[in-house]
Structure formats: structure tokens, C-alpha cells
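**Student:** One-letter residues, chain by chain:
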Amino acid sequence: MKNKSLISINDYSKEEYLKILDIAEEFEKQPTQNILNDYVIASLFFEPSTRTRLSFESAVNRLGGHIVGFTDASSSSVKKGESLKDTIKTVSNYSDLIVMRHPVEGSARFASEVASVPVINAGDGANQHPTQCLLDLYSIRKTQGTLDNLNVAFVGDLKYGRTVHSLVIALSDCNCTFHLVSPVELKLPSSVKRFIKDKNLKYYQYTDINEVIPKVDILYMTRIQRERFADPLEYERVKNSYVLKNDMLENSKDNLKILHPLPRVNEISEDVDTNPKAYYFQQALNGVYVREALIASILGLK
Amino acid sequence: MNDNQLRKELKVTAIENGTVIDHIPSKSVFRVIKILGLDNIDNQILFGTHLDSKKYGDKGLIKVSNKYFKSEEINKIALAAPSATLIVIKNYKVIEKRQVEIPDTITGIVKCFNPKCITNNQNVTTRFKVIDKEDIKLHCHYCEKITKKENIQFI
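Taken in order, these protein sequences are the chains called A and B. The numbering of the first sequence is the working numbering, which starts it at 1 and goes up by one. The numbering of the second sequence is the working numbering, which starts it at 1001 and goes up by one.
Just chain A, same shape as in the assembly:
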């Protein structure tokens, strides 16, 4: 993976992403290592982010590396009208690796083509967020011991949720069965279902979350956003039908784990947080190990 940009989860084969997960396991055992002393990592956040930016910066700091960059576009030359191409070409001169979040779809792919150093996509609009996908895969493998042959439920906004799309695509290589729970207007797009069908895997669609809880190994919750609905009444109607409460988990499997990319609003009630099946905060921590592994791997240090 040396010098290979990560823009979309499809850029890595199953073998390649499993390798990253293996390296991440090593970092979990020993998260602080002085291997990035001689490296400068550019962290370019053209739009705000909490978890992604902080976990990237935490990963770089734990490995002894140095960070240059900005946390929103208004404190950079972008405000003066500089093109993305010029910004990236300039920053390539100052760093060994670029981590970038940008609101425009496809911006990361373009950046990787003009940069002289590798680029990691930390989210390009509604398109891709591959490091979230890697940490989701890591969390699933860690809690289930495998990625293969699992029953995985996705709940909430399956239409616009980029993390759902990437994870479905990656798990399509793992012979999983998919349980898709959403309001009718937020069903998984056919462009993503195509990946499931291409591998001849099964998927089932539901509108009631209670139906899937006893069946699955992983329950992947997502936030339903108000702005996705043309009719505000429709939003009010569906928003409370996809809320997970602790008593709903009574008949769930022992090995069930609940994941959520965060931030959560009300879709997981706080009484679930203390249930041992809740895994979303640990999941966010895993993001540091996975990003350490990715950076070390791309720089050829692991």
C-alpha cells in the first residue's frame, strides 16, 4: 500500500483492507510509537469535523509525527479564491501525506491526481468516507471474530448515508446477509444494491426495526436528517419509529453489537449506552488505531 492514496473503499482489495486491520490490531496493543518523527502530515479540513479530524490528528501525534494544515476553509487561501488544484500542489511541497475533507464530491479523487504525495480522503461531501468504513470493519471483526457470513442490519437513512454505502460494498466481499431497515423514502439506492446482487448475496428490506433485532449479529444505526425530507410532517412521522431503546434488545443474540458512526441525536436512547452490546464509543476509539495503521502503511513504515 506504500504511496497508494485511499479515496474510495473500492480502491483497496479485500486482502489490502484486511492487511490494514491486522496492522491496526498491533497499534491497539501499542498505540504510542515513535515512527513518524521525520514526517509532516497535512490535515486539510475544508469543512468542520470533530471525530474524523481529531482522531487523525491524535493518530499522527501518538506516532510522533508533525501536523500542518487548517480546520476550516475560511482560514486558508481558499477564501482568496485559490483553486483546489493550486492549494493541493502547494501543500504537496510541504508534507509527506495529505489528509483531506472537502464538501465537494470527487474533490479527493481530483486532489490525488494533482498531488505529488499520497492523499487520504477524510470525506468528500456525500460521496465517500473510506476511513470510517475501515474502522467499521475493524469494529465488526474485533467483536465478531470475523467479517464473513454475518447477519448485518442497517437502520435509518440508507439512501444518503455514505458510511452505509461503503460498508455494504465492503461486506459484499464477505458473504454477509443484509437486513435493510428504513422509511420507504430512504431505501438503499439500487447503485449500492447492485454490489450485493453481483455477489449473489441475500438482502431483506423492512420498515420495522423490531423485526430484525433477534436475527442479527451487527445492528448499524444511523441518523435520519430532517433536511432529507421534502415534507416536514413526514419527518416527524418517521423519526421516532427508528429509535433504539434498551428494552427492545431483550431477545437479541448474545453476540450482538450496536454500531453508529456518530454523532447521534435521538436514534439510540441513552439507556442503551450502559448495555454491553453498545459498542459505538469503542468504535470511535478504534478510528485512531485504524488511522495509525493506514498512515504507517501508506508511508511504508509498516
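Worth double-checking, as some hints may not be accurate.
To be verified - DSSO-like, lysine-lysine: derived pairs with alpha carbons at most 27 Å apart:
(1) B:Lys1076 to B:Lys1116
(2) B:Lys1137 to A:Lys197
(3) A:Lys19 to A:Lys29
(4) B:Lys1129 to A:Lys14
(5) A:Lys187 to B:Lys1129
(6) B:Lys1097 to B:Lys1133
(7) B:Lys1145 to A:Lys187
(8) A:Lys215 to A:Lys202
(9) A:Lys85 to B:Lys1116
(10) B:Lys1097 to B:Lys1067
(11) A:Lys80 to B:Lys1116
(12) A:Lys197 to B:Lys1129
(13) A:Lys197 to A:Lys14
(14) B:Lys1027 to B:Lys1133
(15) B:Lys1148 to B:Lys1076
(16) A:Lys187 to B:Lys1149
(17) B:Lys1148 to A:Lys159
(18) A:Lys187 to B:Lys1148
(19) A:Lys89 to B:Lys1111
(20) B:Lys1111 to A:Lys193
(21) A:Lys89 to A:Lys79
(22) A:Lys159 to B:Lys1111
(23) A:Lys187 to B:Lys1137
(24) A:Lys29 to A:Lys142
(25) A:Lys187 to A:Lys159
(26) B:Lys1145 to A:Lys197
(27) A:Lys85 to B:Lys1129
(28) A:Lys14 to B:Lys1145
(29) A:Lys202 to B:Lys1145
(30) B:Lys1148 to A:Lys199
(31) B:Lys1076 to B:Lys1149
(32) A:Lys193 to B:Lys1137
(33) B:Lys1111 to B:Lys1070
(34) B:Lys1145 to A:Lys193
(35) A:Lys202 to A:Lys253
(36) A:Lys199 to B:Lys1133
(37) A:Lys197 to B:Lys1133
(38) B:Lys1149 to B:Lys1133
(39) B:Lys1129 to A:Lys199
(40) B:Lys1116 to A:Lys89
Derived by calculation from the structure, the hints in this document are not laboratory data.
Given chain A's structure and the hints, the job is docking chain B onto it.
**Tutor:** Only chain B this time, still in chain A's reference frame:
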């Protein structure tokens, strides 16, 4: 020679050497000229629109003297003129005749239909993989969205 043949002769003169692009939809003739960059070359060009066609009723046609196109060059016009036929002429004789084919990738001819795509926001040349040649579906190399036939807009 009857009147009909005479008229045809006057409308579309034969060329000695070069390429004839036949069966272009009349409305696409100028677009094809642009896509192939024919407006910037020194060769002699004859073209016509709304000519009689046995096959399609109405057609356009372009003749370029002393110019031969590579397949990947001519296939660029396939989206604008899928029915076009390419005829290679040497010494007034037809040497080759074939249909244009939709290529595997399309660069810089079509707009991505996604307004949030980088190609619609910065100076970036569009690039698509053709994932369905029958029903024309173009997968954007950048934003990864699919532009369908009914949404195709030429640049």
C-alpha cells in the same frame, strides 16, 4: 442520369481521399464537427444537414478530405451520433465501412449531472466509465454518480 440522381450528385460531391461520416442525426452535425475538432483543421470539409436518407428519412453527413480517424477518435462521437457510419475513401473507392462504437471511457465531452461534483465546481475535465452501453449509463470517475442517457448534456 435522371433528375433524382442528378440532384443527389449536386448535393454531396464525392471525395477522392478521406473520410465520410454518414447517418449523423441532422441536429448533431455541428456537435460532431466540434467534438472532432474539425473547426480547427485545414482540410477541405463538406457537410450537409437534412439530406434524404433511405434508412432514416433524414440525415446529416460530413466529408473530410485527406483525413483518416483512429477508432478511439471517431468513437468520441458515438454519444452524439450513435447511428453514424464511418466510410473510408481512397481513390474514390470505399475501402472500409463501419458503425461507430460507444467507447469504454468518455473524457471531456459530457457534463456530470451531479451539481455537487468537482467537475461542476472547479476547472476539472470530466471523465466517465461507460458501465452500460445499451442503455447508456456513465459512471463519473470523480463523484462516482451515474449520469443516465436522459440526463446527458454535452459540454
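**Student:** All the hints need checking, so say for each whether the structure fits it.
**Tutor:** Tested hints:
1. B:Lys1076 to B:Lys1116: Roughly 25 Å between the alpha carbons, so the hint for lysine 1076 of chain B and lysine 1116 of chain B holds.
2. B:Lys1137 to A:Lys197: holds (18 Å)
3. A:Lys19 to A:Lys29: holds (16 Å)
4. B:Lys1129 to A:Lys14: holds (23 Å)
5. A:Lys187 to B:Lys1129: It holds: about 26 Å lies between the C-alpha atoms, which stays within 27 Å.
6. B:Lys1097 to B:Lys1133: With Cα atoms ~21 Å apart, lysine 1097 of chain B and lysine 1133 of chain B stay inside 27 Å; holds.
7. B:Lys1145 to A:Lys187: OK: lysine 1145 of chain B and lysine 187 of chain A at ~17 Å, within 27 Å.
8. A:Lys215 to A:Lys202: holds (14 Å)
9. A:Lys85 to B:Lys1116: Holds, because 17 Å separates the two Cα atoms, which is no more than 27 Å.
10. B:Lys1097 to B:Lys1067: holds (15 Å)
11. A:Lys80 to B:Lys1116: holds (21 Å)
12. A:Lys197 to B:Lys1129: holds (20 Å)
13. A:Lys197 to A:Lys14: holds (18 Å)
14. B:Lys1027 to B:Lys1133: With a Cα-Cα distance of about 22 Å, the restraint between lysine 1027 of chain B and lysine 1133 of chain B holds, given a limit of 27 Å.
15. B:Lys1148 to B:Lys1076: holds (17 Å)
16. A:Lys187 to B:Lys1149: holds (23 Å)
17. B:Lys1148 to A:Lys159: holds (19 Å)
18. A:Lys187 to B:Lys1148: It holds: about 20 Å lies between the C-alpha atoms, which stays within 27 Å.
19. A:Lys89 to B:Lys1111: holds (25 Å)
20. B:Lys1111 to A:Lys193: The given pair, whose Cα atoms are some 25 Å apart, holds under the 27 Å limit.
21. A:Lys89 to A:Lys79: holds (17 Å)
22. A:Lys159 to B:Lys1111: holds (24 Å)
23. A:Lys187 to B:Lys1137: holds (21 Å)
24. A:Lys29 to A:Lys142: holds (13 Å)
25. A:Lys187 to A:Lys159: holds (5 Å)
26. B:Lys1145 to A:Lys197: holds (19 Å)
27. A:Lys85 to B:Lys1129: At roughly 23 Å apart (the allowed maximum being 27 Å), lysine 1129 of chain B and lysine 85 of chain A satisfy the hint.
28. A:Lys14 to B:Lys1145: holds (23 Å)
29. A:Lys202 to B:Lys1145: OK: lysine 202 of chain A and lysine 1145 of chain B at ~24 Å, within 27 Å.
30. B:Lys1148 to A:Lys199: holds (24 Å)
31. B:Lys1076 to B:Lys1149: holds (15 Å)
32. A:Lys193 to B:Lys1137: holds (16 Å)
33. B:Lys1111 to B:Lys1070: Measuring from Cα to Cα gives roughly 24 Å; hence the hint holds.
34. B:Lys1145 to A:Lys193: holds (14 Å)
35. A:Lys202 to A:Lys253: Distance ~20 Å between lysine 202 of chain A and lysine 253 of chain A Cα, so the pair holds.
36. A:Lys199 to B:Lys1133: holds (22 Å)
37. A:Lys197 to B:Lys1133: holds (20 Å)
38. B:Lys1149 to B:Lys1133: Satisfied, since the Cα-Cα distance of roughly 10 Å is no more than 27 Å.
39. B:Lys1129 to A:Lys199: holds (21 Å)
40. B:Lys1116 to A:Lys89: holds (22 Å)
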